[in-house]
Every structure is written in C-alpha cells, then in structure tokens.
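Start from the sequences and build out the full structure, keeping to the hints where you can.
So the sequence lines, in the order shown, correspond to chains A and B.
Residue numbering for the first sequence follows our numbering, starting at 6 and increasing by one per position.
Residue numbering for the second sequence follows our numbering, starting at 333 and increasing by one per position.
Among the hints, a few may not be true.
As the list claims (entries may be wrong) - Selected chain B positions facing chain A (Cβ under 10 Å, derived; list incomplete):
no., residue
1, P484
2, A521
3, P543
4, M546
5, E565
6, F623
Because the hints were derived from the structure by calculation, they are not lab data.
We put the CB at the ideal spot given by N, CA and C, even for glycine.
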Amino acid sequence: MGDSFKLKLVELFQRPRLFILLAYIVMGTYLGLLMVINFQSQVALQKSTLKRIQLNLEKRAFSLGYFFSERKHGLASIAASNDVSSYFINKSLGMSEAYGLKVSLFVIKQLLLKTLREKSIQGDPIYRQLFLVDTNGHVLVDAVDEGLEPFFITSEKESISDDSIVSVDRERNKIRIALRASCVVKGELVGSLIAFLNIDTLYNHFVDFSPNPSLDRYDLVNREGRIIRCEDAEQCPDFYGLTSMKINDLPEDKFSLITIPLKAAHDKNMMVARVPIDNMPLHLLSWVERDTITGTFTPWQSLLGTGILALVILFGIVKMVTFNTKNLILQTRYDESRRQQNVLAVKNEQLKYEITRRQKVEKELEEQRTLQVRSDRLRSLGEMAAGIAHELNQPLVGVRGKAELTLLALAQRGEVVRQKIETNMRTIIEQVDRMVHIIDHVRLFAREAGKVETSRVDLNDIVCSALNLVMAQFKSHDLQLERSLAPCELYVLVNPFSVEEVIFNLLKNARDAVESKKKKQEKAIGLILPSVPEVTNRKTKRMYG
Amino acid sequence: MKCLHLKNIVMFVLTIMFISFTIPQKSHGRELEEVLEAGTLRHLGIVYANFITKEKTGLDVELMQLFAEHLGVKYEFVETDWQNVVADLTGKDVRPQGEHVEILGENHPIRGDVIATGFTILPWRKKIVNFSETTFPTGIWLLARADSPLQPITPTGEIEKDVELVKQGLAGVSVLGLKDSCLDPNLYALTGTGATIETFPANRDLNEMIPAVMARMTDTTLMDVPVALIALEKWPGEIKVIGPVSPDQGMACAFAKTSPQLSKAFDTFFKKLKSSGKYKQLVQKYYPSLFIYYPEFLMQ
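Okay, here's the thing in structure tokens:
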C-alpha cells in the first residue's frame, strides 16, 4: 500500500505547478487560521487578565471586609465583656479609682494586653494599640503605654455608633486605621474601646502581598480618595497624577476600569479600579500599567506583524515543500529504479539459471541426438549391414567361385586356362574393388553421416549409391525396385552421406511396408519417390529434426 | 489479786497519759537551732484569700516553702484558725484588748514555728509576737452591696480624712466584722459611729463574709484590701467599696518572741528574695492588681 501511495504521490508530484498552488492554498489557509486564533487568544488573554485583576481585587476587598468585620466583632465582645462592664458599673456605683476602680482598670488592661498578644496572623500582631476611653475621650486604659492618643476622639459626647474610624495623617507621617466599639451599660454609652490596627500586618496579609511588585498594585483609600499608604513614590499613583478627585470619580458601586493618561513626561496609561470594603469607610484601589495587560503592541499590530511573518513563513514553507517534493520524486524514482534493478537482477539470475539449464539440456539433447543419430546410424548401419553383408556376400561368392575356378584352372594347363585364370583374376579384382568400394562407402557413411559439413554432389549419384546398398537385399526378398532418376545432373550442397542415409531409411521403410502388405496378401505397392528435392527437403527435416 | 494488779497498771498508764497531755511540751517557740535540728519548719496558716487557698497553695505557702528550702529543712503546713493562731505559735492563750493583749493561759501546745497567713501587723499582736519585715501591704475597706444606699466616698487624697468620711455615713448601718482579727471593728473605733456591729462567727470561713453581705445578711462588712480586690474581680457589679476604715497597714510573718534567730534568719532570706525580684513575681502571681494600689511596694 505504501508503494501505491508513493506512486500516486509521484504522479501528483509530476504536476509541480498544481501541487505548489495547492500547497499555497493549504498553508495560507492554515496560517490565516493561526493568525485569527492568535488574535483571539490575545484578546481573550487581555480579558482574562482583566478578569483576574477584577477577581483578585474583589477577593481582596472581600477578605478585608471580613477581616474588619471580625475585628469589630472581637472588639465588641471585649467592650461587652464583664471586665469592661464591671468598671463602668462600679463607676456608676460611685466607686473611685482610689478605692476599687483601679482593679477594674487593671483587669481591663490585662485583657487588652492579652488581646494584643494573642491576636496575630502568622506571628504578625493585628493590633498596634488598644485604648479604653470614657465618653469624654479620657483614656482610661492604654494597653501599650506608648503615649499615643486617639487623636480623633473629641470631647463631645458621641452617640452610640459602631462606625469605624479611618484617619490618614500624612503630614505627620502617621497613618492609622482605628476601629471603635462602644461600651454600653444599661443602654447608655459609657465609653469606647479603640483599637489601632497594625498597618504593616494589614497590608502584608490582606492588601498587597504580591511577591512581584511589577504587576497590579493595591492600596487602601479613604472616603476622601486619599491613598492610605504608598511606600514607593515611584510606584504610587499619586506620582503619576492620580489625584484624590480622580479616585473619587471612579464608580463606587461596581467594578470598572478606566484609562487615565499620565503626565507627558512619562506618557503611560494606567488602568485603575476601586471596590468598596464592607463595614469600613475604605476602598481597595488597584492600578496597573496598561501595557502590562495589553502588551507593547495592540492586538491589531500583533495581527499585522503575525500576518507578515506568516507570509514569510508561508513562502519559506512552500519553497521547502517544493524542494522536498522534488526530492521525494527523485527519491521515488530512485527507489523504483532500484526495485526494478533488483527485479531485473533476479530475473537475470533466473534467466542465467534457465540458460545454463537449457544449455545443459540442449547439450544433453545434442548428446542424445548424437547418440540417437549414432544409434540410428548404427541401426541404419545395422540395417545396412545386412545389405552390406548381402552385397559383400555376392562378390565374395564370386570371388570364391572364381578362386575355385582358378584353382581348377591351375590344375589344368594351357592357354585357355591361362586366359581363364586371367579373366577370373580380373573378375576377382573387380569384385574385390567392389567390396573395397562398398566397405569404404560404409566407412565413410559411418564417419561422415550427420555432420554438418556439406559438399556439392549430384543427387542422382546419392540415390544410386543408396540403391546399390539395398539392391541385393530387395532381390533376395523378391522385391522389385524401380528407379526414376533426374534426367540431368542435379547438384546440391548437402552432406551426401546424410542424404544417402535418408534414402536408405526410406527404402527400408518401403520394403517393410511392402512386405507387410504381402503378408496380408495385399497387393504390393510401389514406392514412388517424389522428386528428389521435395524428398530431400521434407524427409530430411522430418528425420533430422 | 490479778484484778488488782491489772487495775494498778491501768491507773498508772492513765496517769502517765494525763501528765503528758497536761504538762506543756515546750513553753516557748522553737529557735533556729531547734528547727534545724528537727529538720522541719512548721508553717501555721489559715485558709484565707490567696495567701493560703483551700488547695493549700498561695503566696504565704510558697514563701514558707522557699524559707524552708533556704534553711535546708522540710516544710510542714499546720492549719489553724484566727482564734488559736497566736496560741499555736506562742503557747499562750490571748485576748486582745484594744491595742493591748491579755494572756489567758500559757499551756497551749505550740504547733508551729512561724505564722504566715496574711497576718496583719496589729499593735496588740506586736506585744505577743515578733513580726518580720512587711511582706504585704494592706488596709481595711468597708464593702457594701451594689444596691446599698450607702454611697462610696469621694477620695480626698488623705486617707485619714477618707476614713472619717466613711465613718460619718455608718449611722444605722450594720457592719460585719471578725473578732480578734484585723477585721475586728473594735480596732477601728466604729462603735461610736452609730453603726450596728455584727460579729462573724469565729468558726466560719472568713471568705464567706462578703457573700454574707450579698445575701443581705448584713449591710456592710469590713475586709482587707487584698481580699476586697479579689472580691471586686469575682463579683463585679454586686459589691462596692465605700471607703477605707483604716490607714495603710502591713502584713508580715510572725515569730514567737522566743525565736529571734529564726526571725532574723527569715529577714535575711526575705531580703535576698526581694532583691532577686522573685518575691515580686510571687506577689504578682497571686495578687496581680496589688501594685496598682501600692505601686511603691517593693520599689526599694
């Protein structure tokens, strides 16, 4: 399957223009999709960042609200405790500090000290100072004895209220957030419990505890829009021109973001938001440089840059694809050629094997043919031997007879006898020559028949030579052999002995056929040899393959 | 015969027992050497506020334990009561007569070597025992119920005047006191104030005097400052302090007149205890609010 796929790919690659166009379309679509996704991701990231800031701000504001609520409840519990109430009750009974009230104040102080000591967050004290004051603002108990006075307490009687007091005294570098709990005895305000919060603990655990000060910043602002604490002036929004008025202009009832252009020298924009804190006259303010959220480039700028980059990448990819395509085509062709080479090699091997085997077989066949030929020839010779024997027997009889006559003649004397002996000797010599001729002929036949060498001979002579070999045999079998030679010389380029062998075999077969018919008491047929050229061509092919 | 012999033996044993119980073992308190030889310091104490609690702990218990450790002897607590505490130390039955004391008998068995039980230094007590250096400041306040029509005085800054102001308001008011103790009304010239003096039963716990006021068994009660401070913490809003009925007083350990060495040994020990700051810690442990009223105490 891999090969078929490669082949299809090769076919496709063989159309480079179409392929490049297709690649451009695909890559362009893909990169365009990436750009859109990137743009959407940037926008979503900005929204997510803003959302995170919003949630973070609200979470911190909620935590602060809960924290202040807990502190208020704690202070209210202390204000309502027996220890505190006892003092005011005893005081209301007319007791003096000289005789009894001091004990109550002592106990209250022990209670406040215990509160200072025990109320902490991860070892950081929550309260910096705790006061018990009467309705005239006179400090009854100062837990720490630092000499600091609750400056915001006036001499005027205040109504029962659980408002929290926030005072930012920036001129004297005093930042204090105070909580107040009223001491009420029999429905009447008799005093207040004032707690100064530890600003450092508040900020470190609730306001701005970010380990990375470079991102969004937080701070508390009072109702007048004044930032409670901003240690680093460089990082403080006031430095950038975020005045109290602008802070107060921020919507209070809901979270919102606004962009405030800063001073020309800095040319920065900031995103500011504030959230009210429950139970307190405070807001939690958050500010962050807009570039932190949006980045140096706007999404559209990024999109444009990404588009240009995408085009460059696309061009490069297409080039690379084209190069790879050609490489792939070449590789495929190379692989195909290698495969074909391997196939050819295998085929060659098989062919070689076949050729070798065929050669071997042909050799064997040739050998068999040779043997067959020799066998046929030997058989022919065997067949011929009978004729030869018969042919030789005649002259041998003649020779014997003449020899006997000669012996007889020798026994006689005279001229006549001498002439008879001479005649008989000549006859013997002729007969011997005839036998020699026959023997030579047979020797040549056995040696030369089947060879490929040819010579120019008269076919009539070949026929006569073959007939001479079988004439005596035909006679002995009472067969009549008629010949019809060519009226003229018919020279052909053949192996005369091979042709003679053919004619000999034809005559043998004809003899056997006639004798077979004679046995069946059928009429003997004559063998009519067609014209020699026809016999030579057809029979020779049949007999000699 | 046998019965007579047995009867004689019984009579003899009874006589010996009678003699042993009637003849005083010692006619004087033990001196330092005797205490060291005996190997035990016997501490006479009465369950009273945080000086000696019901669990037999308290400021005076720890003080005496430290003293015994200083002497190298064992500590033994011997519980007594206000009526017999002096006799248990001196072997003399006494009766206070204002600033004087009347010796009623000298056959009382001596049961202790030192009294340390929030024992107020009183003129009549001085005549019969030797007091150590002041171990605790005190005074006597008049306490009333919170709803009592008797109003607390406005302090004048001079305690003598404050005392007079208190006495001026006692006409028709019942005042509970404890005879022969620092809360004895006779010590503070209350009889001429028009107040009705009521005596708290001697066999009752002194700590029940204030509850008696809250139970409306009496209008007011005398109480020394340490106990009053504790009561104010314990029953806030139920009792109030009207004012002082005595000038500033002091509490100290008491030794028999016949034990000057023992008393001197205590003074030496106590001086060292104060200078090390340990005694102040001890006082703050049991009376943390004391120094509010007596900030000068232990200042030197």
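Now for the hints, and whether the structure bears them out:
With a cut of 10 Å, the hint placing B/P484 at the interface with chain A holds, because the nearest CB-to-CB distance is about 4 Å. Because the closest C-beta pair between B/A521 and chain A is about 19 Å apart, greater than 10 Å, the hint is violated. Look at B/P543: its Cβ only gets to about 18 Å from chain A, farther than 10 Å, so that hint breaks. The beta carbon of B/M546 is not positioned within 10 Å of any beta carbon in chain A (closest approach about 14 Å), and the interface hint is therefore violated.
Proximity of B/E565 to chain A holds as hinted, the smallest CB-CB distance being about 6 Å (cut-off 10 Å). Taking 10 Å as the C-beta cut-off, the interface hint given for B/F623 holds, the closest approach to chain A being about 9 Å.
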